[in-house]
Amino acid sequence: MAAETGTPTTLTLKSNDDELFSVAESAAILSVTIRNMVEDGCAGGVIPLDNVDGKTLASVITYMNGISAIPADEEKKKSYRDKFLSDKDFETLADMVLAANYLNMSCLMDAVSAKIAQVMEKKSVGWVRRKFGIENDYTPEEEAAVKEEHKWTFEGVETDDDN
Amino acid sequence: MDRISKLPEEILQRILYFLSQKQAVRTSVLSKSWRNIWCTRPNLDFSDDTFKGNKQYFLSVVNNTLQRYRDQRLCVKKFHLRISLGDNTYKESVSFLEKWVPRFTAMGVGAFRLSILSKNECVDMSSVVFKAESLKLLRLFNCDLGQNTPKNIPFVRLTVLRLIKVLINKDIFNKIVWSCPLLTTMLIEQCRGLENVTLEKTRHKYLKHFTFRTIDDRCSVEIDILTLETIDILGCKVRFHSHEFTNLKSLSLHSVEISTDSVEQSRALCIDAPNIKYFRYVGNLIPSISFTPTSNKWKSSSNVRFYIKDVQDAQSCFLKLSKQLQSLSRFGISLEIAQYFDHNIVHNEEDLNLIRVASLPSFLNCLFCICRPKIITRYWLMHGELMMRETEQKELIQYFCILRERGNQDLEDLRIEIFNNSRREWKRLRGPILLESALLDISHIRIRLKWRESCESSSNLLEL
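Top line first, the protein sequences correspond to chains H and W. Letter by letter, the first sequence follows residues 1 to 163 of UniProt numbering. Letter by letter, the second sequence follows residues 1 to 464 of UniProt numbering.
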């Protein structure tokens, strides 16, 4: 075990498109999935991550290294997360949230979910549909009925700007 | 199907977790697959101040939602409810609260934040509040906590307690706060019946932020907790049992009467606060507060304000002020000195008037003997006679012009700046003469002084 020898251990992760990545064990165990594998002694060779592609895994590893380099200071960690996610588009965010879910990394999962929620907040139904390409499969009557059921959420002004 | 709708439900749930109640419910209209995702959201958040619709509708939405969660045995990890009581719906609201709150324990509510604000009459909320077992935050405004408290107060998880204009006596208050071992924040503002609050380190191990504001000067606060980060006290007697505040970042004392246990300096308060970042003092007496030399991380944001009500004994006043400034001299100080026009004027900041015309130049002469301010700002208040203000303005400008021309051996540079009200900007006044018309539009004058390095600077910023 790494902790016994005192030298930093490196793990090799393999994405589903066969890309290999080296990452310090101390950073990689932010993922509970990987941590469990290490604890079970399955981390000797290459760790295959069947649900994550190379591009996303590279991004997740950048995050793992970045966040584990910050000492226990929740404010600094939060600002790192904000900065890390600031330039990501929705497609990337969706890949990341799926990877975070698979890797069982609650801090990344929460940060990405909150970021997607932030995009939806205070926006009209029409805006959210357009933004995420959600197809409205309700008939006009059905839609009116659902709206009527939750009519309190449709009172007041809607913000529809694209900012 | 689009990307977001295809995400697994546990991820969509997580996204919805971060939305407001309103936005989360609205997602049901997006498409059929979104219809019921919000329905099992583990957090509920209802606030009537952002609710569009009348109170009855609000009550029925909350009631129906809670009923559904209860019927379907859904888990509520977090619940926030903010409700104001007023007009003709308060009885209805109270009876709903009496029905809802006891159910939360059975529903497994983890963190419950409750705010009850009464608009008109002081409403007895003891029937509701003492049933709220999972309470994490409690905020009450204009409520009565009654005379009959239960034997066991169930607030074991309470971390934030805010009581504003609450009718509560000392025994009930103590009974409550002694039952909250995890309390981190306590705010007590204008609570009737509560004349004394004692903070003991054995009872409040985690308390970090303490605010006590009152307009009743019979009130008193006793502090014996070393771990506090924020202390904000207004309008009462305060007694410090200890002087070492290792974590103290912000100390604000406004119109307080300070006493300590210290034997050798019976009237002085010496505080050891190595991490202090902000200190604000407002009072009509010059206090004897000092910070021990370890308190040296003080940032320039510190703000010291003195209201000097009575300057009949100017000599002793300046002596005291000088002593106080010296004890704080390592730090950037913003000093505000005010004198009431008339002692009967209400203690309201907008009604303050500043040093009277006749005393100003001599006052400044005395002031320069005790400190080296870098900026002096003089505020005029918009009420009062215009003529007076003009005379004052001219006199002040004249004083500084003379000072600039004659110079002072320690003074390197002096700039006079005036604030133009209509243009909302500071403008440097170069010549000695100010146009009569320009005077009409001035509310503040600011003087920047640059002192020679050799002279001791005891005060960076001085506001008059």
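Just to be clear, a hint being listed does not mean it is correct.
[Said to hold, decoys possible] Computed cross-link-like contacts, BS3-like style, restricted to lysine-lysine with a CA-CA straight-line distance of at most 27 Å: (1) K147(H) <-> K55(W); (2) K151(H) <-> K91(W); (3) K55(W) <-> K122(H); (4) K122(H) <-> K83(H); (5) K131(H) <-> K91(W); (6) K208(W) <-> K136(W); (7) K450(W) <-> K277(W); (8) K77(W) <-> K77(H); (9) K208(W) <-> K277(W); (10) K77(H) <-> K55(W); (11) K91(W) <-> K77(H); (12) K123(H) <-> K88(H); (13) K99(W) <-> K151(H); (14) K165(W) <-> K76(H); (15) K91(W) <-> K32(W); (16) K122(H) <-> K78(W); (17) K123(H) <-> K91(W); (18) K237(W) <-> K122(H); (19) K277(W) <-> K77(H); (20) K450(W) <-> K76(H); (21) K88(H) <-> K6(W); (22) K6(W) <-> K147(H).
Honestly, the hints are just simulated from the structure, not real lab data. Keep in mind the model is a prediction, meaning the values are calculated, not measured.
Outcome of the hint check:
1. K147(H) <-> K55(W): holds (20 Å)
2. K151(H) <-> K91(W): holds (25 Å)
3. K55(W) <-> K122(H): OK: K55(W) and K122(H) at ~22 Å, within 27 Å.
4. K122(H) <-> K83(H): Answer holds: K122(H) to K83(H) is near 22 Å, not above 27 Å.
5. K131(H) <-> K91(W): violated (44 Å)
6. K208(W) <-> K136(W): holds (16 Å)
7. K450(W) <-> K277(W): Holds, because 25 Å separates the two Cα atoms, which is no more than 27 Å.
8. K77(W) <-> K77(H): Given pair K77(W), K77(H) holds - Cα atoms ~24 Å apart, limit 27 Å.
9. K208(W) <-> K277(W): The given pair, whose Cα atoms are some 15 Å apart, holds under the 27 Å limit.
10. K77(H) <-> K55(W): violated (41 Å)
11. K91(W) <-> K77(H): violated (47 Å)
12. K123(H) <-> K88(H): holds (20 Å)
13. K99(W) <-> K151(H): Between K99(W) and K151(H) the Cα gap is close to 24 Å, so the pair holds against 27 Å.
14. K165(W) <-> K76(H): Measuring from Cα to Cα gives roughly 37 Å; hence the hint is violated.
15. K91(W) <-> K32(W): violated (39 Å)
16. K122(H) <-> K78(W): holds (21 Å)
17. K123(H) <-> K91(W): The hint is violated at about 35 Å.
18. K237(W) <-> K122(H): violated (47 Å)
19. K277(W) <-> K77(H): Since the Cα atoms of K277(W) and K77(H) sit roughly 23 Å apart, the hinted pair holds (cutoff 27 Å).
20. K450(W) <-> K76(H): violated (38 Å)
21. K88(H) <-> K6(W): At roughly 19 Å apart (the allowed maximum being 27 Å), K6(W) and K88(H) satisfy the hint.
22. K6(W) <-> K147(H): holds (23 Å)
The structure shown violates the earlier hints numbered 5, 10, 11, 14, 15, 17, 18, 20.
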